[in-house]
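S.K.: Sequence:
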Amino acid sequence: MSVALFSLPRELVDEILSYVSKRDFRRFSRCSRACRDFIIPLVFNRIEWRTPSRATAFRDGGIVGHLRPVVHHISMHIPGRSNELLRNIDAFMVYMDVLALFPNITSLWMNLSTIAELEPNLIQVIFTKLSTSPAFHTLKSLNFTCKRFASFSLHDLAGARNQDYYAALPEKYYEYLGPQIRSGHNVDPPPGPPGLTELIVVTNQFLLTPTRRAEPHMSFLHQSCAKTLTRLRIRSDAMFVAPDPKFDVSEHNFDWQGLKQLQLELGHTDLLILPEIRDRFRNIEDLVILKHGAWYGANQWLPDGEVTVPRETMLCNAFQGMKNLKRLRLPWPTNNSGGDLFHNESHISPEGLEKAINCWIRGGAEKLEKVVFAKDYPGNKQDQLLQSLVGFKIVKDSYRSASKGELWWRVEPELGEVLCFYIQGVGQRSMDELFQVPPDNPPVNLYGKQNWFS
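Taking full-length UniProt numbering, the leading residue of the sequence shown gets 1, the next gets one more, and so forth.
Among the hints, a few may not be true.
Here are the simulated lysine-lysine pairs, DSSO-like style, with alpha carbons at most 30 Å apart [to be verified]:
| no. | residue 1 | residue 2 |
| --- | --- | --- |
| 1 | K227 | K129 |
| 2 | K129 | K140 |
| 3 | K367 | K326 |
| 4 | K140 | K326 |
| 5 | K227 | K291 |
| 6 | K260 | K355 |
| 7 | K355 | K323 |
| 8 | K367 | K291 |
| 9 | K260 | K291 |
| 10 | K370 | K355 |
| 11 | K326 | K355 |
| 12 | K367 | K323 |
| 13 | K260 | K172 |
| 14 | K260 | K227 |
| 15 | K355 | K227 |
| 16 | K326 | K227 |
| 17 | K323 | K260 |
In case anyone wonders, no lab produced these hints; they're calculated from the structure.
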């Protein structure tokens, strides 16, 4: 086994490990100690658990005990169907018990399944479990991929809402079912890992603006997490803004002073969220919003419900006061709120974009260096989406000793990026890749088109 693993590219290691059994471990233990000391860190740095049996294989001592200290990344996948809540909870309990045996975990990816009512509680339980494991002191990156069902009627506890039914369940399920057991009583989240710098959340819906009760889908986060994070990435089918004019956001807002990079991958939502991002993440340096079929609302309703702000004004005011903002990538704004979003004439001209950028600079975004706008085009038979890109760089005006936005480069649809909905995920592309300048001679992609991003 050791010879086979050593001879294969490292990219295949995770796939191999998903089929490793205890018998394989015993065979591996027969090779020389020098061979093991060289191979183990290379092969077992990243492991993947798709079933509880794969995780329990790491409980034993012997050679397995030697493997645990070299593991830095673990991917956990819930094996049951999304609506099999109790089975999923059983698997999750096994994973968390075995995780406690690993002393040097720096990256954790958890692919979970639950229903909407239980998602905040489940993530809160994860933080509680982490607080009692060695990973609490070593973890730097945490990724939640959470598939949600919208209703209690779609899972294996359907129709069993009464307390008598829940009381009859084994006690081990109580903390995972949360409010349904505690009759709505919420527990304060525990402090987050002190070294956590990156948080990735993948969920169906995400509410950006807090309400009086809590900060939805952030209620699992302790204030300490907001202080240590430098990178926050959220992928969601929809992100909503629900402003409440009677609610003082400043009293409940997290302190995101250390956050440098914010990346949002959104489905269908209006980009009226831009002012909210400005108010809540004022100190970020890199902001990326990736969105399919983007459009900006014609007008923004103010909280009193009587006055509207035109789209152009909202766009010009979107990033005022963000003194640390350096790189910005947004969907290409439309110049109307309806019609064909993929048609060329429905998008603001590059000259209009340049005007907005100069408004941001005059409004305080003095460190701005690069701005990229992406315009979507219909997908092809390969389930892919082409994007037309336009990039701006910020240059100094020697006559006025001021900065201004200037058109830098353009990429038409036939030369644009090729994005695949089914393989493109949060965190798979570095921030630098999203702002790279196209080469003079783009390579030819699989479909005979030149593609500068490949």
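S.K.: It remains to establish, for every hint, whether it holds in the given structure.
M.R.: Going down the list of hints, with the structure as the test:
| no. | hint | result |
| --- | --- | --- |
| 1 | K227 <-> K129 | 21 Å, holds |
| 2 | K129 <-> K140 | 16 Å, holds |
| 3 | K367 <-> K326 | 5 Å, holds |
| 4 | K140 <-> K326 | 24 Å, holds |
| 5 | K227 <-> K291 | 27 Å, holds |
| 6 | K260 <-> K355 | 26 Å, holds |
| 7 | K355 <-> K323 | 18 Å, holds |
| 8 | K367 <-> K291 | 25 Å, holds |
| 9 | K260 <-> K291 | 21 Å, holds |
| 10 | K370 <-> K355 | 15 Å, holds |
| 11 | K326 <-> K355 | 17 Å, holds |
| 12 | K367 <-> K323 | 6 Å, holds |
| 13 | K260 <-> K172 | 39 Å, violated |
| 14 | K260 <-> K227 | 11 Å, holds |
| 15 | K355 <-> K227 | 35 Å, violated |
| 16 | K326 <-> K227 | 21 Å, holds |
| 17 | K323 <-> K260 | 12 Å, holds |
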